[in-house]
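Chemist: Given next are the chains, with one letter for each unit.
Number of protein chains: 2
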Amino acid sequence: VISKNQIKFLHSLLLKKNRLKHQKVILEGQRLIEESMRAGANIEYLCLTENFKNKISSNNLLNQIESYKISNSDLKKVTDTKVSQGIIALVNTKKYHKMNFDSIQNNNFVVLDGIQDPGNMGTILRTCIWFGIDSIILTSNCCDPFNLKCIRSGVGAHFYFKNIIIAKSNLVYDYLIEKKYDILVADLNGNNISNYNKKNNWALILGSEPHGISDTFKNLFKITIPKIGKIESLNVSVAAGIILNEIIDK
Amino acid sequence: VISKNQIKFLHSLLLKKNRLKHQKVILEGQRLIEESMRAGANIEYLCLTENFKNKISSNNLLNQIESYKISNSDLKKVTDTKVSQGIIALVNTKKYHKMNFDSIQNNNFVVLDGIQDPGNMGTILRTCIWFGIDSIILTSNCCDPFNLKCIRSGVGAHFYFKNIIIAKSNLVYDYLIEKKYDILVADLNGNNISNYNKKNNWALILGSEPHGISDTFKNLFKITIPKIGKIESLNVSVAAGIILNEIIDK
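Protein chains in written order, with my numbering: chain A, -18 to 231; chain B, -18 to 231.
So that you can see chain A by itself, here it is in the shape it has in the complex (with noise of 0.2 Å):
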């Protein structure tokens, strides 16, 4: 059975600042669970249900993992969901966080400019994941990427990252300036991105809905996917699928 002390702990992680200090987090659900393991996430350990215990069977992927009871009450202590399944794991993501742009090393990534839905941030990651780019820059006025609800729309998304940078902009745009990138600023009216031809490693540049793109970016080459109809705009995680398949070499 998991300690008093124990759930104190697990219970601080809803706090954005302890995510941060302990670099830990709590993944809920099974689904969840089942693909952050296949993405290499470091789980420390699970807490089940009696329940769910007795649901899964013996040759689950599940069982490879130290894991500890709790009760219902408890593990609604630790959570934001209304309705659980009965299972959560502790993760350590200590090896997501990185503090330099070093470790991309000229390759294609995403940045996120100022987006706080944790919805739509979550998942931008899943597709960034499913079109095979493993690095992106999230600018200091984001949601935490390791926000409950971004964790879960990511589906397993983030540990498949090799990098996940949290970067002031002005710092994003010399980098991006110094290492010659093809710079591509999503935006309602800018180039049909069908029309871009890659020289260089690009970098797409994603602003937030409310806000559009901040200053730091502004100036720079917008792109634009055309509109057919009355609306004034896409959902930006829709916006950013459509971007990443018309330009990713496939």
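These aren't lab readings, by the way, just hints derived from the structure by calculation. Because the structure is a prediction, the values reported are computed rather than measured. No false leads were mixed into what you were given.
Computed, partial: chain B to chain A, Cβ under 10 Å:
(1) Arg19
(2) Gly100
(3) Ile110
(4) Pro191
(5) Lys211
(6) Ile212
(7) Asn216
(8) Ala220
(9) Gly222
(10) Leu225
(11) Asn226
(12) Glu227
Okay, derived cross-link-like pairs now, DSBU-like style, lysine-lysine, Cα gap no bigger than 35 Å in a straight line:
(13) A/Lys(-2) with B/Lys130
(14) B/Lys58 with A/Lys(-3)
(15) A/Lys130 with B/Lys143
(16) B/Lys57 with A/Lys63
Estimated spans, in silico, between C-beta atoms of each pair:
(17) B/His192 with A/Thr62: 17 to 27 Å
(18) B/Lys179 with A/Glu31: 49 to 59 Å
(19) B/His192 with A/Ile37: 14 to 24 Å
(20) A/Ser214 with B/Asn44: 22 to 32 Å
(21) B/Asn44 with A/Lys(-15): 49 to 59 Å
(22) A/His(-8) with B/Ser(-7): 29 to 39 Å
(23) A/Asn(-14) with B/Asn176: 51 to 61 Å
(24) B/Lys(-2) with A/Thr62: 20 to 30 Å
Backbone N, C-alpha and C fix where the C-beta goes; we use that ideal spot for every residue, glycine too.
Here the structure of chain A is known, so what remains is to put chain B in place on it, guided by the hints.
Modeler: Quick look at chain B alone, frame taken from chain A:
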């Protein structure tokens, strides 16, 4: 000031059965309401908090509609969001509820097969309108398209539709075959969507993430977005965007 009875009525619209019975829904927030007005939504009236009323300028679009004052506590009763902007609108949705397929009239359209997640559904509706697709069929096991979350993620898209048809899968199947549509079922194992050559009008069928395509549509022509990375799947609304971008006549 809005009456107690009216508050009671607005509150009742939190339930699907009442939304269907009265064919009315509540919109929340300035951006959503303005976009819906531009889309031609039939807005019966607005409810504004004192605070919000003082903030809007005299030449604002919103002033064209009949409005009532509402207290902050009453506003909380009739919506499901924690933080409210101070404005809601009551919309009549009668014209969108179509019961048969006649109104599609040989146009391209999208079929959502058992999609239960309102955020995904709303995002797909938004993407359809961006690409000029204004007919959609939802199989009867989908969530309610006029669910608050779905409307929120649609950001007004709902009201640009000519047809939002809810129908049983087998009737949809019969219609597609009878009308000789090019049927494209999005699936993880299918033909590369980039190779699709349009012969007739198309219908794109999208299944739910956890359950996939239902048996009714399982033996139809399958298309896929080629995967480069390792993650199992894409978010369904992202997949919808990528596929629509590939098959739309631009």
